[in-house]
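Asker: Listed below, chain by chain, are the residues.
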Amino acid sequence: MGSRVEILNQGGFRSDGRRQFELRDMTIDLSQQGQADGAAVVTHGLTQVMVSVFGPREAKMRSQTIHDRANINVEVNIAAFSTGERRKRTRGDKRILELAATIKSTFEPVVQTNLYPRSQIDVYVQVLQQDGGLLQACVNATTLALVNAGIPLLDFVCAVTGGVHSTSPLLDLTLLEENDLPNVTVAMMPKTGKVTLVTMETRLHVDRFEEIFRLAGDASKVIHGEMKTAVRSRTSALVAAMGSGPRVGGGDSADKHGDDRMNEY
Amino acid sequence: MITYTSFPLPPDNTYNGSRQHHLDVAEDVMMELGDDQDLSEAGGSKLTYPGEPLTSSQAYMRGHGTYVDNEEVIASVAGTIERVNKLVTVRAIRTRYNPEVGDLVVGRITEVLTTYSFRGSNNLTPRCHVRQVQPRRWKVDANSRQDAVLMLSSVNLPGGVQRRKLESDELQMRTFFEEGDLLVAEVQAFFSDGAMSLHTRSLKYGKLRNGQLVTVPPILVRRLKSHFIALPCGVDLILGLNGYIWVSKHVKESEQEGEEGFDAEAVYSNQNDPIDDSTRVAISRVTNIILVLSSHFVPLTDTLLLEAYEWTVDQEGGAKDLLQEDVGNALVATVTARL
Numbered sequence: 001m002g003s004r005v006e007i008l009n010q011g012g013f014r015s016d017g018r019r020q021f022e023l024r025d026m027t028i029d030l031s032q033q034g035q036a037d038g039a040a041v042v043t044h045g046l047t048q049v050m051v052s053v054f055g056p057r058e059a060k061m062r063s064q065t066i067h068d069r070a071n072i073n074v075e076v077n078i079a080a081f082s083t084g085e086r087r088k089r090t091r092g093d094k095r096i097l098e099l100a101a102t103i104k105s106t107f108e109p110v111v112q113t114n115l116y117p118r119s120q121i122d123v124y125v126q127v128l129q130q131d132g133g134l135l136q137a138c139v140n141a142t143t144l145a146l147v148n149a150g151i152p153l154l155d156f157v158c159a160v161t162g163g164v165h166s167t168s169p170l171l172d173l174t175l176l177e178e179n180d181l182p183n184v185t186v187a188m189m190p191k192t193g194k195v196t197l198v199t200m201e202t203r204l205h206v207d208r209f210e211e212i213f214r215l216a217g218d219a220s221k222v223i224h225g226e227m228k229t230a231v232r233s234r235t236s237a238l239v240a241a242m243g244s245g246p247r248v249g250g251g252d253s254a255d256k257h258g259d260d261r262m263n264e265y
Numbered sequence: 001m002i003t004y005t006s007f008p009l010p011p012d013n014t015y016n017g018s019r020q021h022h023l024d025v026a027e028d029v030m031m032e033l034g035d036d037q038d039l040s041e042a043g044g045s046k047l048t049y050p051g052e053p054l055t056s057s058q059a060y061m062r063g064h065g066t067y068v069d070n071e072e073v074i075a076s077v078a079g080t081i082e083r084v085n086k087l088v089t090v091r092a093i094r095t096r097y098n099p100e101v102g103d104l105v106v107g108r109i110t111e112v113l114t115t116y117s118f119r120g121s122n123n124l125t126p127r128c129h130v131r132q133v134q135p136r137r138w139k140v141d142a143n144s145r146q147d148a149v150l151m152l153s154s155v156n157l158p159g160g161v162q163r164r165k166l167e168s169d170e171l172q173m174r175t176f177f178e179e180g181d182l183l184v185a186e187v188q189a190f191f192s193d194g195a196m197s198l199h200t201r202s203l204k205y206g207k208l209r210n211g212q213l214v215t216v217p218p219i220l221v222r223r224l225k226s227h228f229i230a231l232p233c234g235v236d237l238i239l240g241l242n243g244y245i246w247v248s249k250h251v252k253e254s255e256q257e258g259e260e261g262f263d264a265e266a267v268y269s270n271q272n273d274p275i276d277d278s279t280r281v282a283i284s285r286v287t288n289i290i291l292v293l294s295s296h297f298v299p300l301t302d303t304l305l306l307e308a309y310e311w312t313v314d315q316e317g318g319a320k321d322l323l324q325e326d327v328g329n330a331l332v333a334t335v336t337a338r339l
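If you read the sequences in order, they're chains P and A.
So in the UniProt record's numbering, spot 86 of the first sequence is number 86, and the numbers just go up one at a time.
So in the UniProt record's numbering, spot 6 of the second sequence is number 6, and the numbers just go up one at a time.
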């Protein structure tokens, strides 16, 4: 290791004080952002991503419409101040385009696009801070923004990064760890255990892959729990606010439910 | 056994649940049981989210917001579960407008398509195919999943209630509606791909002027007896079911164009009438009330808006004071408590 920071010290702690399988603090904000149909701000430790979803709506370019399903359009913007060294990336940057394409292909099998023929769903990803696990944060934030926009999904998609330090697997890597360790990002649908994304930018020993993959699956269930809690509290807050309004006409069943629910809060 | 722990929560977090997770805590299993029990109760409604199994597909039928996998009805959106006999649906809490025939909507023209507009999408299309027989219509943004269509044949034309469309009408489509114009219309029918067709064949419908547009989530506009509301403060409201709301100066009944004297000049005019200062203040006050109520997710009705307007006048603040957070909170607290 020499003069470098130890990835995993003798006591089994990582450079930021976590243990091997410990995830970073995760915060989720699902509040309304401007005119977006759905939005989410997700932080994993020091990585912060904001996603706004617009749609389904009429495609801006007619060439982008698909006659039997909706087109998902993902645009990623990485803020110049998001990294340690200030760096301006242009929109045409190959890495950014690849990130957008990865997010798009992760969600295409999950979003029920066939319900919205000839429409377009716009996903705008804004990276605010980067400290490792960028793709994981993007995928988790996109899931939550899509749910918040009322777009039908087969299931949540929960992503997590795993790496291996000599023989010990680690979860939810920081930038420091990500630079030094072989790592893999896995996105999973926790209810069925279906995997929608596995991606590696480094080489990982095939013997280690299975263990990390299994761990990532377990960790995605934990993230799923956090995401569910956030969505539930957001939905119940909105339903409670709607129920606080007056009853209209008396014919609408939604009002009745709203009033019933009032007693619970 | 592996355990996951995470750092303590910052105090301002928007939600608080159990942050300590043990993999073998069977939280999910208990959730499913709870849902099934609720579903069997008459009229029971409960929150759900994507991927949550609701019930067996053999006992129940799947409705909107659900799908069937492995003989289970599973929710695909976050919202409230509704059950009518054997039909299970999930109503998303925030979503785009889902049109129904007969709905009143407010929309904005995005495109004018005449027979003579060139719309070949690629250069391979021979020129002779560019001239299409189909168009003669407007595309309207109505906050739905696709732009709505307003046919030339579904608008009132100048000079007579019923008459054939002439080629001259087609040539002057832009004198009726131009890109960016706002209009109020009714949903007439649907196309096979789910796009809606509008019509303005009533004197209540047509081009909008003398006011401004407010956008709210469509779920906040409930079906009312009338969506044309005249507030006593000299402000007219059109509550579009698509969440677009038009707030304008009051037009006296007698000044509205009668069936006999249908005046194309007035109906399709782009010129605002003179609006005095007090009306302008009233319009912006009503607009701000709607913005505040929608940001607190309170459903809008005529009585509620009137109540809110009276409250703001009593407070003696300007129209812009409403946008301050404390004033807005006080407004919402007052009107929701009163009703």
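One thing to keep in mind: the hints can contain errors.
Said to hold, decoys possible - Result set (SDA-like, lysine to any residue): computed pairs, CA atoms no more than 20 angstroms apart in a straight line: (1) P:K194 with A:K139; (2) P:K191 with P:L215; (3) A:K139 with P:S63.
To be verified - Pulled a few chain A residues facing chain P out of the computed Cβ check, cut under 7 angstroms: (4) P50; (5) G51; (6) E72; (7) R94; (8) Q146; (9) A189; (10) F191; (11) S197; (12) Y309; (13) K320; (14) L323; (15) Q324; (16) V327; (17) G328.
What the hints contain is simulated information worked out from the structure, not anything from laboratory work.
Ideal Cβ placement from N, Cα and C applies to all residues, glycine included.
Asker: Each hint needs a verdict: does it hold in this structure or not?
Answerer: How the hints compare with the structure:
1. At roughly 41 angstroms between alpha-carbon atoms, K194 (chain P) and K139 (chain A) are farther apart than 20 angstroms, so this suggested pair is violated.
2. Our distance criterion of 20 angstroms between C-alpha atoms is met by K191 (chain P) and L215 (chain P), whose separation comes to about 16 angstroms.
3. Note on K139 (chain A) and S63 (chain P): the hinted pairing holds, with a Cα-Cα distance of about 17 angstroms set against a maximum of 20 angstroms.
4. Interface restraint check for P50 (chain A): the shortest CB-CB distance to chain P comes to about 4 angstroms, inside 7 angstroms, so the restraint holds.
5. Hint status for G51 (chain A) relative to chain P: holds, with the closest Cβ pair at about 3 angstroms, below 7 angstroms.
6. For E72 (chain A), the suggested interface contact is broken, since its CB lies about 10 angstroms from the closest CB of chain P, more than 7 angstroms.
7. Taking 7 angstroms as the C-beta cut-off, the interface hint given for R94 (chain A) holds, the closest approach to chain P being about 5 angstroms.
8. For Q146 (chain A), the interface hint holds, the least distance from its beta-carbon to any beta-carbon of chain P being 5 angstroms, beneath 7 angstroms.
9. Interface hint status for A189 (chain A): violated, as the beta-carbon distance to the closest one in chain P is roughly 17 angstroms, over 7 angstroms.
10. Violation of the interface hint for F191 (chain A) is found here, the shortest Cβ-Cβ separation to chain P being roughly 10 angstroms, above the 7 angstroms cut-off.
11. The restraint placing S197 (chain A) at the interface with chain P is violated, with a minimum CB-CB distance near 15 angstroms, outside the 7 angstroms limit.
12. Restraint check, Y309 (chain A) versus chain P: the minimum CB separation of about 15 angstroms is more than 7 angstroms; hint violated.
13. The interface hint given for K320 (chain A) is broken, as the beta carbon of that residue sits about 19 angstroms from the closest beta carbon of chain P, more than 7 angstroms.
14. Proximity of L323 (chain A) to chain P is violated relative to the hint, the smallest CB-CB distance being about 15 angstroms (cut-off 7 angstroms).
15. Restraint check, Q324 (chain A) versus chain P: the minimum CB separation of about 18 angstroms is more than 7 angstroms; hint violated.
16. Below 7 angstroms, beta-carbon pairs count as interface contacts, and V327 (chain A) has none with chain P, the closest being about 18 angstroms; its hint is therefore violated.
17. The interface hint given for G328 (chain A) is broken, as the beta carbon of that residue sits about 13 angstroms from the closest beta carbon of chain P, more than 7 angstroms.
In summary, the structure is inconsistent with hints 1, 6, 9, 10, 11, 12, 13, 14, 15, 16, 17 from the numbered list given earlier, while agreeing with the others.
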